[in-house]
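Listed in order, the protein sequences are those of chains L and G. Sequential numbering from 1 applies to the first sequence in our numbering. Sequential numbering from 1 applies to the second sequence in our numbering.
None of these hints come from the bench; they were simulated from the model. No residue lacks a Cβ here, since even glycine has one placed at the ideal position from N, Cα and C. Incorrect hints may appear among the rest.
[Stated by the list, open to error] A partial selection of chain L residues facing chain G, derived with a Cβ cut-off under 7 Å:
no.: 1; residue: K10
no.: 2; residue: N11
no.: 3; residue: R14
no.: 4; residue: M279
no.: 5; residue: A293
no.: 6; residue: G295
no.: 7; residue: S297
no.: 8; residue: P382
no.: 9; residue: V383
[As the list claims (entries may be wrong)] Output of the computed footprint for chain L on chain G, the stretches with three or more beta carbons under 8 Å from beta carbons of chain L:
no.: 10; stretch: 52 to 60
no.: 11; stretch: 65 to 78
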Amino acid sequence: MTSYPTLAAKNILRHRTRSLLTMLGIAASVGVLFAVLSFNQGFNEGLAAELERTGLHFMVVPSGCAHEVAALVLHGAVIPKFLDTQVMDHVEATDGIDLATPILVAQLPDQERGTIDLIYGVDMEALPAIKPGWQIDGRMPRSPHEILLGYEVAQHDNLKPGDVFSTPAAGIELTVAGIVGLTSSQDDAFVYLPIATAQDLLDYPQAATAIGVKVNDPAAIGAITDELTSAVPGIQIVTMGEVMNSVSNLAASARALSLAIVLIAILISAVGVMNSILMAVFERTQEIGMMRAVGASRWDVFRIILSETTILALGGGLVGILIAVLGARLIEAFVRSVMPFVPSGDLIRFDPVVALGSVVFIFIIGLCAGIYPAVKASKINPVEAIKG
Amino acid sequence: MIELRQIQKNYRRGAEDVRALRGVDLTIEKNELVAITGPSGAGKTTLLHILGCLDQPSHGDVLIDGVNTATMPESQLVKLRREKIGFVFQQFYLIPGLSVFDNIALPLLFSKKPADRKKIEGLADMVGLSHRLDHAPSQLSGGEMQRTAIARGLVNDPDVLLADEPTGNLDSENSEKIFTILKNLRDQGLTTIMITHNAELAARAQRSVRIRDGRVAA
Ligand SMILES: Nc1ncnc2c1ncn2[C@@H]1O[C@H](COP(=O)(O)OP(=O)(O)OP(=O)(O)O)[C@@H](O)[C@H]1O
Ligand SMILES: [Mg+2]
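So here's chain L without its partners, still in its complex pose (with noise of 0.2 Å):
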């Protein structure tokens, strides 16, 4: 044996249980700490990048709470207020724009089947772009009467490709292409169609939920929303930039909330780190009575009770990391039930400086806690110890 960190390790050795228990505590809130910092770089990055291969510039939607419809619409809701028919003329009428593509979102009662389906109606051409994290199990539509089923209602219906898929409109059959996998979001609950099938179901032609556009020369976005929405009354402009930031808003306030949590989580496992290397120096008094009267000074005292705080608290941070890392998608999956708009990917991603930063935290903390016990055990009076 030749150094205060291995003796501190033995020493955390002889109480297995107990230092693995607080080791845990330490793990957990750590891993926590990583996720949260983690998953708003994750979550900014994904969205941006989802935003980008959208290639939509912007979104027309009915004026109202406008920036949760855009972000809602890429997202799969039902909002119950269409455009005025007469909007999609307007839009393809304007100069600059390469191309607009209506979405119609919207609930379709089937008293038979005593269900609403949720439909999603769209320019099939258009959707990769919209939704480009889908894995499709079969094929896109490519008629009309083609459609790709949610994960849920595929289930639900117990529907595969192939299938027919059954709606309350007289004349209109309509056959499962694909079936959209698991995206953990409302996604999964919607029936996906073309927009112009979508718009006979509902009887209702040229209706649209949102007009999704893209423009020839980004920089003349701004001059060409002023231009729409002077023109045509009723509408509001959403811009990928505005939905982004909202939607990160969204986020960062999700995240200053959790991780206040995190914070105070790390804190109730600081004191457990506390107690439990308080609960070993008294065990120890005779010991470190001894060890003074075999040469330890205070101060050596002092270090090998600090040791064995950082050892615990450094461990716990790695393993916490580890932890963090493994189980990323269990998290994932978890915000993606929560919030409501998640960009497909990885939400978590292994940020070596964030990880670093984390379990430097930790031994700061960790240092904090061991000191109180540290000082109490170099205060030890020898010679009452060795009594006993």
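Based on these hints, arrange chain G with the ligands on the given structure of chain L.
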């Protein structure tokens, strides 16, 4: 050589003053084996701790090789303990998580010396534990634990070995082994001071000092 002059040690116990040592004069020559005896509570352990620079007297002088330690600060006392003193206790106080080897080497950690394997093996051999170096203290008998503790007390090459009832927890056979080791150490030039309640062992020491009511009894 160690010289105690008019050593007094007072403790406060609540409102009451305990006078543990009441003027002890004692000279211990180099290379002596001294047994300290006396009734319980007489002040033997208190005296040993003062001899070992672990405690300070309330009054009086402690001269170790001519240097007075009675008023030294703890930072200098700890150096003296590392360089000149070895301690052995009745309850052994081995560290359960460490092997016999590491327990013997422990004081080297504090005196910042490398754990010289040869030296530790030599000490283990001297106390008859060469075959036990990798064992945990829990695998040892009481006698073996105390022999480990003696090796630990010697690892810093002290001038003086102080043992507080080293055979107090051992049967007569193991006590005999410990005593033999202490005697051999004395023959090799070590000053050894041993508190004991065992009159027979005390009689076999070179000198026996009896403490009673905080004083050296005639
Ligand atoms: N820290 C202390 N506070 C108060 N009184 C103390 C303290 N340490 C020792 N004493 C008292 O000093 C006296 C001498 O104690 P000491 O331990 O030196 O006796 P001892 O001769 O070693 O006895 P034993 O044979 O039982 O070990 C006792 O009366 C004891 O109660
Ligand atoms: Mg005693």
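Results of checking the hints against the structure:
| no. | hint | result |
| --- | --- | --- |
| 1 | K10 | 4 Å, holds |
| 2 | N11 | 6 Å, holds |
| 3 | R14 | 4 Å, holds |
| 4 | M279 | 16 Å, violated |
| 5 | A293 | 4 Å, holds |
| 6 | G295 | 4 Å, holds |
| 7 | S297 | 5 Å, holds |
| 8 | P382 | 6 Å, holds |
| 9 | V383 | 5 Å, holds |
| 10 | 52 to 60 | holds (count 3) |
| 11 | 65 to 78 | holds (count 3) |
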